[in-house]
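J.: This is what each chain is made of:
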Amino acid sequence: MKEQELIDLIEKHVKYEEGSIEVYAPRKLKFILKKDDLVDTLLFLKRNGFVQLSFITCVDWIKDNKFELVYGLVSWEHKLTVLVKTFIDRDNPKMISIMDIWPTAKYYEQEINEFFGVYFEGNPNMSKELILENWDSMPPLRKDFDPQSYSNEKFEIRIYDYKMEDKKKK
Amino acid sequence: MGEIKALQLFHGPNHPGMHGNFSVHIKVDGDIVVEAEANPGMLHRGFEKLMERRNWMQNIALILRVCVVEPDINEAAYSMAVETIEGMDVPERAQWIRVMILEMARIANHLMSLGGIGGPTGLYTGPNWALVDRDLILDIFEKITGARVYHMYIVPGGVRQDVTDEILKDLEKVLDDIEKRLPEYRELILEHPIIQKRTKNIAVLTRDQALSWGVTGIALRATGVDYDVRKYDPYLVYDKVEFDVPTVDFSDAYNRLWLKYQEIYQSIRIIRQVIEKMPSGKVREKLPGNALKWRVKKGDAYVKLESARGEFGYYMVSDGGTKPYRVFVRGASYPQGLLGIEKGLPGTRLEDVAIWLDTMGVCAPEIDR
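Residue numbers (our numbering), protein chains in the order written: chain A, 1 to 170; chain B, 1001 to 1369.
Hints are computed from structural coordinates only; laboratory data are not their basis.
One or more hints might be untrue.
[Said to hold, decoys possible] Lysine to any residue pairs mimicking SDA-like chemistry, simulated, CA-CA at most 25 Å apart:
1. K1180/B to Y1261/B
2. K143/A to P1234/B
3. K1298/B to R27/A
4. K1049/B to I88/A
5. K12/A to D64/A
6. K28/A to K1200/B
7. K1200/B to D1177/B
8. K1323/B to F145/A
9. K66/A to R1054/B
10. K154/A to L1050/B
11. K94/A to S137/A
12. K1049/B to E3/A
13. K30/A to L1211/B
[Claimed, not checked] Which chain A residues stay away from chain B? Per the calculated CB distances, all over 10 Å, these:
14. D8
15. A25
16. K28
17. K30
18. G49
19. T57
20. V74
21. D89
22. R90
23. P93
24. W102
25. S127
26. E129
27. E133
Glycine residues also receive a C-beta, built at the ideal position from the N, C-alpha and C atoms.
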């Protein structure tokens, strides 16, 4: 399948309200969709040969007060890679889990929940800790999390009063 | 009869069959695992956050530390993602050199994991032999790049410096040596009674399991599916070299080892073609202006490569600044390392857990990045 054929297929079969489709490199496409249209499109793609979910990730656009969720799909059959993206509200970030479509999504969603604080409805691992044990601050990959002030707050500041001049005198 | 309680055990972080600081919590009923849960996080270094605070070029020194055994794949994925966003062209010779470097890294990685099976099975001659031959590859890396393990050689725009003909001659000699030694590995490791007894029909993965979990690489190809990024979505100059993708129809621990062994032959074949066909010319495109003040165009891209363990990719976002806005590393062993352990380990015998983790290529640093 060529890139344009997939674009035509999507435009024909998926009823999405607004969005954009772009070919950004050979055999690689980008879709931007509304949040409500996302699951339908993903299901449609899965039925049409995109068997593999490569990754789910999140980008924090703090200036626009939005989170961008990116789903990376691969079709070995059509030799295409597709990024499906959607924007969700940053204040109360919620999304529907796609665990039932691709079981791998479970841990990607859990990781996003830990590092960005997005809640995925339907994922049983949302309250469990995966990587950050006993974390007590805001989700660390958000742009307003400052590692420097966090470590200053958490750990004692150690000052090493070793000077090069002292060494030279000796 | 009274009820038998399931016993909870900790497999790792310190265990001869574990690579990296990673542990698995398992519940056993007698000898059989009934429940397993991965417990990553002991090695988490926060690379993705750290990369947002470094320049585009500074990150070159950082990213390769994501995976210890095969660092070059990180450099290549990072550089190719930056080039895709920026729309940069890479000189022809640099692309051939990159293929050569990546295949050398694949041989080094496969030798290490082929010998590494000695850890969980108790055949300790294997690792010793394999590490000696891996060192020959590292010597060539040292001649080309100046470093043995972390090379920082593939950079956006090409590679850091050219390869001389003398080094290529040395590389040919090393390839001949390794090829001569490979039948001995077959006798020592693959046909050894310990390996035959401890890996055949053990840690079986079905095709449906592999596809539904999203497993890629050798573990998937052992189920008879020939999915390889180098063939299905050729990058660099992989479409100009001839090679086969070895597959088998039954994915058990032994067959996965067998595929690693076969892939070493294919990588040697690719490198020989690269040495023969490599054109001359420049190897690096100059960056516009100062490299430390370099601004990459606004945009995003996902680039995927075939690492020794499967599909490895970088998703990168640039907002037009001097630093990446967001970098996401798709580790090749993420699916089998978390979902695979949860769904695949139950039913295995306790002593086979290490063999399962080893031959499925679970690499902790890719999960804890």
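J.: For each hint, tell me whether it holds in the structure or not.
T.: For each hint, the structure was consulted:
1. K1180/B to Y1261/B: Within the cut-off at roughly 13 Å; holds.
2. K143/A to P1234/B: violated (35 Å)
3. K1298/B to R27/A: holds (21 Å)
4. K1049/B to I88/A: holds (21 Å)
5. K12/A to D64/A: violated (31 Å)
6. K28/A to K1200/B: violated (40 Å)
7. K1200/B to D1177/B: violated (29 Å)
8. K1323/B to F145/A: holds (17 Å)
9. K66/A to R1054/B: OK: K66/A and R1054/B at ~24 Å, within 25 Å.
10. K154/A to L1050/B: holds (18 Å)
11. K94/A to S137/A: Within the cut-off at roughly 20 Å; holds.
12. K1049/B to E3/A: This hinted pair is violated, its Cα atoms lying about 33 Å apart.
13. K30/A to L1211/B: holds (23 Å)
14. D8: holds (21 Å)
15. A25: violated (5 Å)
16. K28: The assertion about K28/A is violated, with a minimum of 7 Å to chain B.
17. K30: violated (8 Å)
18. G49: holds (12 Å)
19. T57: violated (4 Å)
20. V74: violated (7 Å)
21. D89: Check passes; 18 Å lies beyond 10 Å.
22. R90: holds (14 Å)
23. P93: With a cut-off of 10 Å, P93/A remains clear of chain B, as the shortest Cβ separation is near 16 Å.
24. W102: violated (7 Å)
25. S127: holds (15 Å)
26. E129: violated (8 Å)
27. E133: E133/A not clear of chain B: closest Cβ-Cβ about 6 Å, inside 10 Å.
When held up to the earlier numbered hints, the structure conflicts with 2, 5, 6, 7, 12, 15, 16, 17, 19, 20, 24, 26 and 27 and fits the remainder.
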